[in-house]
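With the hints as your guide, set chain E onto chain C.
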Amino acid sequence: EPEVTQTPSHQVTQMGQEVILRCVPISNHLYFYWYRQILGQKVEFLVSFYNNEISEKSEIFDDQFSVERPDGSNFTLKIRSTKLEDSAMYFCASMATGGSGNEQFFGPGTRLTVL
Amino acid sequence: AQSVTQLDSQVPVFEEAPVELRCNYSSSVSVYLFWYVQYPNQGLQLLLKYLSGSTLVKGINGFEAEFNKSQTSFHLRKPSVHISDTAEYFCAVRVTGGGNKLTFGTGTQLKVEL
Numbered sequence: 001e002p003e004v005t006q007t008p009s010h011q012v013t014q015m016g017q018e019v020i021l022r023c024v025p026i027s028n029h030l031y032f033y034w035y036r037q038i039l040g041q042k043v044e045f046l047v048s049f050y051n052n053e054i055s056e057k058s059e060i061f062d063d064q065f066s067v068e069r070p071d072g073s074n075f076t077l078k079i080r081s082t083k084l085e086d087s088a089m090y091f092c093a094s095m096a097t098g099g100s101g102n103e104q105f106f107g108p109g110t111r112l113t114v115l
Numbered sequence: 001a002q003s004v005t006q007l008d009s010q011v012p013v014f015e016e017a018p019v020e021l022r023c024n025y026s027s028s029v030s031v032y033l034f035w036y037v038q039y040p041n042q043g044l045q046l047l048l049k050y051l052s053g054s055t056l057v058k059g060i061n062g063f064e065a066e067f068n069k070s071q072t073s074f075h076l077r078k079p080s081v082h083i084s085d086t087a088e089y090f091c092a093v094r095v096t097g098g099g100n101k102l103t104f105g106t107g108t109q110l111k112v113e114l
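Same order as they appear, the protein sequences are chains C and E. Using the working numbering, read the first sequence as starting at 1 and increasing by one per residue. Using the working numbering, read the second sequence as starting at 1 and increasing by one per residue.
No lab work stands behind these hints: they were computed from the structure. There may be inaccurate statements among the hints.
Unchecked claim - Calculated pairs, PhoX-like style, for lysine-lysine (alpha carbon to alpha carbon, straight line, at most 25 Å): (1) Lys58(E) / Lys111(E); (2) Lys78(C) / Lys57(C); (3) Lys57(C) / Lys83(C); (4) Lys49(E) / Lys69(E); (5) Lys42(C) / Lys49(E); (6) Lys83(C) / Lys42(C); (7) Lys42(C) / Lys111(E); (8) Lys78(C) / Lys49(E); (9) Lys42(C) / Lys57(C); (10) Lys42(C) / Lys78(C); (11) Lys57(C) / Lys111(E); (12) Lys69(E) / Lys58(E).
As the list claims (entries may be wrong) - Negatives, chain E to chain C, calculated, CB over 12 Å: (13) Val11; (14) Glu15; (15) Arg22; (16) Gln38; (17) Gly62; (18) Ile83.
As the list claims (entries may be wrong) - Ranges between beta-carbon positions, derived for each pair: (19) Ser54(E) / Ser27(C): 46 to 56 Å; (20) Asp63(C) / Thr96(E): 24 to 34 Å; (21) Glu68(C) / Phe14(E): 40 to 50 Å.
Remember, it's a predicted structure, so these values are computed and weren't measured experimentally. Glycine is no exception: its CB is placed at the ideal position from the N, C-alpha and C atoms.
Pulled out of the complex, with its shape left as it was, chain C reads as follows (with noise of 0.2 Å):
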């Protein structure tokens, strides 16, 4: 059965670095997303991306954050200076077509820790 991936599963940096979360949607879904999940509070959307474009973001995605599907098949996460608050698990979602009532997908999740 098709699932989402995500890598690395655990990452951990020092406070100011960049990171990049990578993400493997489901072969053929068009649209693409990230949420966070801060440690004990709820799962908060960050951004949706379709057509190689952003379609919708949040207040939290800010200038730090970025997206990009570089070559067909990858959904990258670029935070470019890390700060303590961005320790979160970061969760990738993809799904076929539009409609508010279809499918996301989520992948199993990267757990970042700011240092």
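Below, chain E alone, put in the same frame as chain C:
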């Protein structure tokens, strides 16, 4: 804006007992409702969803949920749980006809004991 409240952070239950995980939402517009489950070291998996029609929705693994518009609730139930149901359960909403982002609750950890 939408919000989701899951009133119980942890629910312990004995195997073969029934369980209800509570979810309430707030929204000024119509929403679709979802329950996701997360097993240890895995991604979020869709259990069931309510889009329209019958307010009682059946999902995978014997779970069901009932949409109650007047109480703005979407509680998840299972008549008899198994050890394998131990996981984190997330309720989520998405605005109908709008963007595709999901708004999640804080999750409920279901722990099934022998």
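Hint-by-hint comparison with the structure:
no., hint, in the structure
1, Lys58(E) / Lys111(E), "21 Å, holds"
2, Lys78(C) / Lys57(C), "14 Å, holds"
3, Lys57(C) / Lys83(C), "19 Å, holds"
4, Lys49(E) / Lys69(E), "15 Å, holds"
5, Lys42(C) / Lys49(E), "19 Å, holds"
6, Lys83(C) / Lys42(C), "19 Å, holds"
7, Lys42(C) / Lys111(E), "19 Å, holds"
8, Lys78(C) / Lys49(E), "31 Å, violated"
9, Lys42(C) / Lys57(C), "17 Å, holds"
10, Lys42(C) / Lys78(C), "21 Å, holds"
11, Lys57(C) / Lys111(E), "34 Å, violated"
12, Lys69(E) / Lys58(E), "17 Å, holds"
13, Val11, "16 Å, holds"
14, Glu15, "26 Å, holds"
15, Arg22, "16 Å, holds"
16, Gln38, "8 Å, violated"
17, Gly62, "19 Å, holds"
18, Ile83, "21 Å, holds"
19, Ser54(E) / Ser27(C): 46 to 56 Å, "33 Å, violated"
20, Asp63(C) / Thr96(E): 24 to 34 Å, "31 Å, holds"
21, Glu68(C) / Phe14(E): 40 to 50 Å, "48 Å, holds"
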